[in-house]
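There are 2 protein chains.
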Amino acid sequence: MEIDQKNQEKTGSTRVYDWVKTLPCKIKTKALEIAKKTKKVGKDDPRRIIHSLKVGFALTLVSLFYYVRPLYNGFGSLGMWAVFTVVVVFEFSVGATLCKSMNRGFATMLAGALGVGVQELASLLGDKGEPIVLGFFVFILAATSTFSRFFPHIKARYDYGVLIFILTFSLVSISGYRADKIIELAHQRLSTILLGGAICIIISIFVCPVWAGQDLHNLVASNLEKLASFLEGFGGEYFEVYGDEDSGMVPKEDKSFLLGYKTVLNTKANEETLANFAWWEPGHGSFQFRHPWKQYLKIGVLIRKCAYQIDALSAYIKSNIQTPTEFKIKIQKPCMKMSSEFGKALKELATAIKTMTNPSSTSIHIENSKVAIDELKIAMDVALKERFDLLKIVPAITVASILMDIIKSIEEISDSIHELSHQAHFKNVEKKLSLEKLPQLLHRGSVKPVSDVGGGGGGGGEGGGGDHVIIEVHEKSLDSPENGNPHAPNTSSRDVVL
Amino acid sequence: MEIDQKNQEKTGSTRVYDWVKTLPCKIKTKALEIAKKTKKVGKDDPRRIIHSLKVGFALTLVSLFYYVRPLYNGFGSLGMWAVFTVVVVFEFSVGATLCKSMNRGFATMLAGALGVGVQELASLLGDKGEPIVLGFFVFILAATSTFSRFFPHIKARYDYGVLIFILTFSLVSISGYRADKIIELAHQRLSTILLGGAICIIISIFVCPVWAGQDLHNLVASNLEKLASFLEGFGGEYFEVYGDEDSGMVPKEDKSFLLGYKTVLNTKANEETLANFAWWEPGHGSFQFRHPWKQYLKIGVLIRKCAYQIDALSAYIKSNIQTPTEFKIKIQKPCMKMSSEFGKALKELATAIKTMTNPSSTSIHIENSKVAIDELKIAMDVALKERFDLLKIVPAITVASILMDIIKSIEEISDSIHELSHQAHFKNVEKKLSLEKLPQLLHRGSVKPVSDVGGGGGGGGEGGGGDHVIIEVHEKSLDSPENGNPHAPNTSSRDVVL
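Taken in order, these protein sequences are the chains called A and B. The first sequence finishes on residue 498 if you use full-length UniProt numbering, and the numbering steps up by one all the way, no holes. The second sequence finishes on residue 498 if you use full-length UniProt numbering, and the numbering steps up by one all the way, no holes.
No wet-lab data here; the hints were simulated from the structure. There are no misleading hints in this set.
Remember, identical chains collapse to one label, so a pair may be satisfied in a single copy or spanning two.
Below, a list of computed lysine-lysine pairs in the PhoX-like style, where the Cα atoms sit at most 25 Å apart:
#	residue 1	residue 2
1	Lys294	Lys155
2	Lys347	Lys294
3	Lys40	Lys155
4	Lys298	Lys37
5	Lys377	Lys318
6	Lys40	Lys30
7	Lys43	Lys28
8	Lys337	Lys377
9	Lys155	Lys37
10	Lys328	Lys370
11	Lys255	Lys318
12	Lys347	Lys408
13	Lys262	Lys298
14	Lys298	Lys408
15	Lys30	Lys43
16	Lys294	Lys37
17	Lys155	Lys43
18	Lys408	Lys305
19	Lys39	Lys155
20	Lys255	Lys347
Remember, predicted model here, so these are calculated numbers, not experimental data.
Based on the provided sequences and hints, a complete structural model is requested.
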């Protein structure tokens, strides 16, 4: 016991010494950690560094209102509002900056006018009545405005505007009670806000712009790619077949493709924010003003639905140990083909979005996977005759069943991307197909060889091996009325959607 | 053709008339629509109405700084900052209000001090050097602060503080270049902000408070209930058996329980926001300061995992048409029992969270569902001998397989809630169990009858029919080291978690 106590005391006194001794080391570790984190944050998206510099630049520019005397004389201490506006309004994307600037500008104007009006009205009632009337109006407007922020539509798009409305109205009507030059004050505040907002908008649009719309567009495409990578690799992972060139399997070591889909499960909030900001953005790059951003949200819902199925599927990757090898061999080929064709279809759709072209060749992969489903059904039918232990093959059957169900999700995703391609006038591309693939396609009845293309007489069906012909892929889904878009691409339903 | 043109002209002229004629009707419809929406928003959460009134009240209170002359003389036009603070800082929940007030207060203090320091430093360099030095510091601090907002940890908890830091630093250092009374200005601004913040905090805590922590707590419990409702009802829905009292089925008309889980899929963002706000809240009700809010996020992840499985399951509800009735009958009883026991287990867990008691009786339902799984396996084994068409029974097998997999998720959820119950010192309740249930439980080895409870000599196991004895349920999971919490409840690992 005594030895224990002494040890404890010794520990107590040396602990302080140790702490002081290790302090520089700890600080160094912490600093290194922060440096590492900083590097990661910057590396993940280098636009963040540029954005930070842009904010610094805008703020320094606005401070000119104080430094340069003529400007200062013009605006006085109200130049402060320009600083204020820049700090609060300058956001990462152009859409967010526009959203905040517009909201701030219009809300200030509206609330300023209303504030002056209410102030005039209150001043008619004499010294005693004035504060009561003003207090009443402030209370009513603050309460109703605050309540309106709970409406989902207002929350999504005008939340900041409502906030600024309450703020400006309170400031103008209340301070008007003391300051006599109320209209001049409101006017000066408005002009400095407009100036600050204008600086933010100009810098954010013209210096390395970050478009929320472009980000949304890329996010949806990359989500599709993540699902595609999983599905392309799933077959090889489940049946433990690697390095097969035909099915495009990746080596066993790199398992990242199995986890990529997990981030897709929770992108809803992000997608909605981006879509709301994109709504404010002017036309940029390949995107026109009023690009059908809402359609991206619809596609996002369907992508997540598919991701949930993939999540269910991923639970079975390790379950294949107990499955009898003979049964696995029977279903392996069609399952792997199905999974791989799903992956290819999704990759094609992702590419179509990225390049903004009509996803013309997706249907081939969908048709191929339907063939694989038929093959799988036959294989499973045959397998039953061999009387496997049902309990042992349950996980494998479940995998096959979920895989077969994924086709529905992929068809839905494909349909919604076709709709997007109509609404946003995606380019049509003539797809070059290798002749080798022809016989099967002809068999499925999905494409017809076009004879006499551009004067070339060699389009004769099952001919020369490595030769190429141009084939137009006629897709049912492009013209089918289920897409809700039965007209030609020129009469799109964009206005209805947004 | 001419008739067509005339018709069109006629339509053109009458269109304006029609428009004007229908205008009052349209306005009326729109007004009714808004009224309906307003009613819905208020009805969904009546605290929203109270919050709006609270904001109105706080703002009117702050305007006293202008109305009442002695206060006005004390603060001058800087009372404006109090108005400003109230509008910007007053949020729906106590946590959010505290988060913003604290951030605003500390950031203003820090930035104010730094601004004054930089201003003093710059003034040493003469009229020409001053703006250059100030501009340099504004640029550097604005850029680094903006960049720091991209760090996830800072973004979640101190985003507003960083914003206010940039704002205040710019204002103080820049305006200091003109105004000579810079320290007085900084001091006055800080005191008005503190005053505004204090009013917000006091009103938000003492007038009908809305606690983010309580909301998070309720959200997790209600999410569990939604999954429970689905699982309890799923068996009846899939096998089309309704009104069975034992399994607690609901009548066929009300299908809402089948869709409730869908909102659970996307609660991640909401849960994280609430947890971040809850972190700021002082102890309230049954929640101590530093309640293990992070554990709720862990539970949330597991709940969503289960919801994804349920989503996969729900796709098969309509697939039972093709399944041979004989096969369905064979698996019906264990499947329905399993599904119903899952539901009961989750309901118990939800109740445990709601009432903040140890979830002692969940393990009974988990054990029961394990019995059902064993029964299902036997039933499926028997079924195979009858040579069903494998293709037709695939969906039913998939349903059974996914159901069997859900047990893992439920055990994980149960474990994590047990961990929460340790960390947050949930109350222990002695569970009264009907003796009728004893034999089965004893058979499963999960509970032992406690003899001589409180001096009563009647605890003799399989005795009288309707009699009740108190039974302590010893749960493996409570003491198992996998929970990461092997100690007694008093030495909880709260500090590690938060």
